[in-house]
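Enquirer: Here are the chains, one letter per residue:
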Amino acid sequence: MTMLVAGIDTGQQSVKAVLLEDSEMVAHKAYETETDSDTAARDTLEDLLKEVGADRNRVKRIAATGLGRKEVSFAGIRKTQETCVARGAYFLLGRPCTALDAGAGGCRAVKIGPQGKVLEFSSNSKCASGTGSFLKAACEVLQIDLDRLDDLAGRAEDIAKVSTTCAVFAESAIISNVHYGYTLESICAGVCDSVASRLMDALNRVGIEEELFFCGGVAKSKTIKRMLERLTGRPVLVPSDSLLTAALGAALSAV
Amino acid sequence: MMYAGVDVGSRTAKVVILNENKTVGSHLISTGPDSAETSMKVLGGALASAGIRMDELSGIVTTGYGRYIAPFPHTSITEIACHSKGVHLVFPTVRTVLDMGGQDCKAIRLDPKGNHTNFVMNDKCAAGTGRFLEILAQSLNIPLEEIGPRSLKGKGTVIISSVCAVFAREEALRYRRRGAPLEDILAGVHESVAERVFKLVKTVGLEKDFVITGGIAQNPGIVRRLEQRAGLTALIPPTPQFTGALGAAWLARESA
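Order-wise, the sequence lines are chains A and B. According to the working numbering, the residues represented by the first sequence are 1 to 255, in order. According to the working numbering, the residues represented by the second sequence are 1001 to 1256, in order.
Because the hints were derived from the structure by calculation, they are not lab data. Incorrect hints may appear among the rest.
As the list claims (entries may be wrong) - Derived pair list, reagent style BS3-like, types lysine-lysine, alpha-carbon separation capped at 27 Å:
{"no.": "1", "chain 1": "A", "residue 1": "Lys161", "chain 2": "B", "residue 2": "Lys1124"}
{"no.": "2", "chain 1": "B", "residue 1": "Lys1202", "chain 2": "A", "residue 2": "Lys126"}
{"no.": "3", "chain 1": "A", "residue 1": "Lys29", "chain 2": "A", "residue 2": "Lys136"}
{"no.": "4", "chain 1": "A", "residue 1": "Lys126", "chain 2": "B", "residue 2": "Lys1113"}
{"no.": "5", "chain 1": "A", "residue 1": "Lys136", "chain 2": "B", "residue 2": "Lys1124"}
{"no.": "6", "chain 1": "B", "residue 1": "Lys1155", "chain 2": "A", "residue 2": "Lys126"}
{"no.": "7", "chain 1": "B", "residue 1": "Lys1155", "chain 2": "A", "residue 2": "Lys70"}
{"no.": "8", "chain 1": "B", "residue 1": "Lys1124", "chain 2": "A", "residue 2": "Lys126"}
Using the sequences plus the hints, can you model the full thing?
Expert: Set out below in structure tokens:
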């Protein structure tokens, strides 16, 4: 029987796990982090194993990444988010690129060289601007969900700008924009524009070479993807399951 | 002669009306989404409380983040200058000022005459501001005025490591889900704010006497923790939120 390896990415909002068999993805899952990272990681992995009908003994190695990686007690390997994003992106794309990973708890730009090596990176996990938490906070103020925010933003004719420095201050700016009579479309575009320009700051610090690979929960936003394409002047590639890139990279490092 | 000081802050707007050197009227309202409208409304309330008309004012000084867009004749003066003046009037011996407002926080050093010689300010993000505490109170579902006193009953078991208000909210809610007592979480939140703003005080240099102004001066959970760090008892003005407006009204009088 072939052995499996697992990669687990414990983020601020969700836990992502990937199982590999002979470097082939056999199962993957994303769960909301309800409890602590250790419990959430364990539950996610057990569910995955159930899905493929495998016993825990078949798992040769487990690698953890993400904000909560140090809390995952049963992981034999721990890797930084940058390392795993680089591995995952290189595996999916098969060539060097610059990756932009934006999740609920942080964002990072990683310049990736041959064999998926991290050449340079810039990351932020101290401040909510440029992260999924910023989008979530804006959704709460506007009382809409993320898909709708993205959809409305995509149809905007102009952009009602908001602060790019602080998610909390942006909330007040959004309320003022509503008051000043901006359309909901342009207000939503302002929110996406704020995230995109903050992500550009991270990208500019490492420089963009070749293609731009965009992953993490924020990469689900088609409007932010389009804004990045316009700002960088090059196509932005988003993997089909953008949440799993780092978990995949972690699993690859456990092979 | 009568003068008005109008302080349009990010969260609240305050006005003080002076008849020569005596306060004859004051008013405080929440800042609405339109700063011009807010400044008109708060000034109207203060005029009513003083029982006078707008045209009886001989001068108006505006301050605060909305100071430039007031829709009446006025002179705009920085918050630092107005605050320094307001503090010096109430406590002439004060050399170190910590003003904790709704969306900013500043530490100011004063010379014996009440002129500011140095200041540092965080107005870029909500860390260490009233807004930070408001957000945490809201998500823990506790009235704002209760969080300070309750934080003093908590044990030091909860550590909030995020400086960002949005991430700190997530951290606090995670502790809550794990069953940590509210008082302990509040203690952690207040420790984190106190630690953050005390750094500003140290940057300008702490010297006796030390005053805390702004809305957060009414929160004993922050005041106690700052006093512990400073090793000094903080002076608190009777109406800490009006310090800037009072200073502004005095500067209107002095420049008349």
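Enquirer: Next, verify each hint and record whether it holds.
Expert: Verification of the hints:
1. A/Lys161 to B/Lys1124: holds (16 Å)
2. B/Lys1202 to A/Lys126: holds (22 Å)
3. A/Lys29 to A/Lys136: holds (21 Å)
4. A/Lys126 to B/Lys1113: Violated, because 40 Å separates the two Cα atoms, which is more than 27 Å.
5. A/Lys136 to B/Lys1124: Distance of about 20 Å is within 27 Å: holds.
6. B/Lys1155 to A/Lys126: At roughly 26 Å apart (the allowed maximum being 27 Å), A/Lys126 and B/Lys1155 satisfy the hint.
7. B/Lys1155 to A/Lys70: holds (25 Å)
8. B/Lys1124 to A/Lys126: holds (14 Å)
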